[in-house]
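Sequences listed follow chains A and B, in order.
Residue numbers for the first sequence follow the working numbering, so the first one is 1 and each next one is one higher.
Residue numbers for the second sequence follow the working numbering, so the first one is 1001 and each next one is one higher.
Just so you know, these hints were derived from the structure itself, not from any lab.
Among the clues, some could well be false.
Stretch by stretch, here's where chain B covers chain A in the computed footprint (C-beta under 8 Å, at least three residues) [to be verified]:
hint	stretch
1	60-67
2	85-93
Now the in silico label distances, taken between C-beta atoms and shown as ranges [to be verified]:
hint	chain 1	residue 1	chain 2	residue 2	range
3	B	Ala1073	A	Ser43	21 to 27 Å
4	B	Asp1101	A	Asp91	47 to 53 Å
5	A	Arg88	B	His1072	22 to 28 Å
6	A	Pro75	B	Ala1073	53 to 59 Å
7	A	Arg34	B	Ala1039	17 to 23 Å
8	B	Arg1042	A	Ala49	20 to 26 Å
9	B	Ala1083	A	Ala94	40 to 46 Å
10	B	Ala1094	A	Thr21	18 to 24 Å
11	A	Met74	B	Glu1080	47 to 53 Å
12	A	Asp101	B	Asp1101	23 to 29 Å
Covered stretches of chain A (in silico footprint by chain B; criterion: 3 or more residues with CB under 8 Å from a CB of chain B, positions within the stretch not fixed) [claimed, not checked]:
hint	stretch
13	35-42
14	45-56
15	104-110
Predicted model, so just to flag it, every value in this text is computed and none were measured.
Every residue gets a Cβ at the ideal spot worked out from N, C-alpha and C, and that includes glycine.
2 protein chains.
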Amino acid sequence: MLPINIQEHVHVSDSTAIDTTVAPPQGGIQEGARETLLALRRSIDNIDAALIYMLAERFRHTQAVGELKARHAMPAADTEREARQVRRLRDLAAAAQLDPDFAEKFLAFIIKEVIRHHEAIARKTNGNGAP
Amino acid sequence: MLPINIQEHVHVSDSTAIDTTVAPPQGGIQEGARETLLALRRSIDNIDAALIYMLAERFRHTQAVGELKARHAMPAADTEREARQVRRLRDLAAAAQLDPDFAEKFLAFIIKEVIRHHEAIARKTNGNGAP
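So that you can see chain A by itself, here it is in the shape it has in the complex (with noise of 0.2 Å):
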């Protein structure tokens, strides 16, 4: 496992944040900001989840496409839709007040890892299926 130290914590204010105001109930303050804090745990579980999910099914399309372009020995990388993307993203991300920058580094840790994934899999694709 790697280091963690910190899960939660502030990221950027807007000026229509989520409203964490606890109104105490029967235990009092404590008892309600406890409350509100597991609600909003049971959230970023939800929200952590269907990342999960989008990035396995990401995956699931990027590999299709590296197959494709070794089938049909159609070059691996595109300068132009490269750039698209992350110009998509930085958009994106400023609409759904996301910090651009941030949306760039998340689009460079996916293709990161997938690069990292590349080359054992390209010998399978090339060999097309053989063992």
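Could you slot chain B onto chain A? The hints should help.
For chain B alone, kept in the frame of chain A given last:
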């Protein structure tokens, strides 16, 4: 912009991989491959948009958690929660046929970003929103 060389490549192989076998249309095999590539890219673009919006939503929630914890003097870190999150993401990744090590690296990547932004916003939160 960060240097990005290769956007699309293979990642993991499984028996339920997307079929990219190309049926030659009027333009021949290369034209069919080109159409298949464009269709895959449209799906990748949709998935990327979903990922960006999910990430934005995750940061909204971690921001709310950070503000809640600061307001109620709750400890910033929770090592038990963190360990549970890592185990859960690894299990989800395995179920989705995604490399569990990648899922764990992904969580660490997000947390690194959260920590990067933490100090500046913690100041604001500790000041209880006052300028």
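Now the hints, each set against the structure:
no., hint, result
1, 60-67, "holds (count 8)"
2, 85-93, "holds (count 6)"
3, B/Ala1073 / A/Ser43: 21 to 27 Å, "23 Å, holds"
4, B/Asp1101 / A/Asp91: 47 to 53 Å, "31 Å, violated"
5, A/Arg88 / B/His1072: 22 to 28 Å, "40 Å, violated"
6, A/Pro75 / B/Ala1073: 53 to 59 Å, "57 Å, holds"
7, A/Arg34 / B/Ala1039: 17 to 23 Å, "48 Å, violated"
8, B/Arg1042 / A/Ala49: 20 to 26 Å, "24 Å, holds"
9, B/Ala1083 / A/Ala94: 40 to 46 Å, "35 Å, violated"
10, B/Ala1094 / A/Thr21: 18 to 24 Å, "39 Å, violated"
11, A/Met74 / B/Glu1080: 47 to 53 Å, "49 Å, holds"
12, A/Asp101 / B/Asp1101: 23 to 29 Å, "26 Å, holds"
13, 35-42, "holds (count 4)"
14, 45-56, "holds (count 11)"
15, 104-110, "holds (count 6)"
Checked against the numbered hints above, the structure breaks hints 4, 5, 7, 9, 10 and satisfies the rest.
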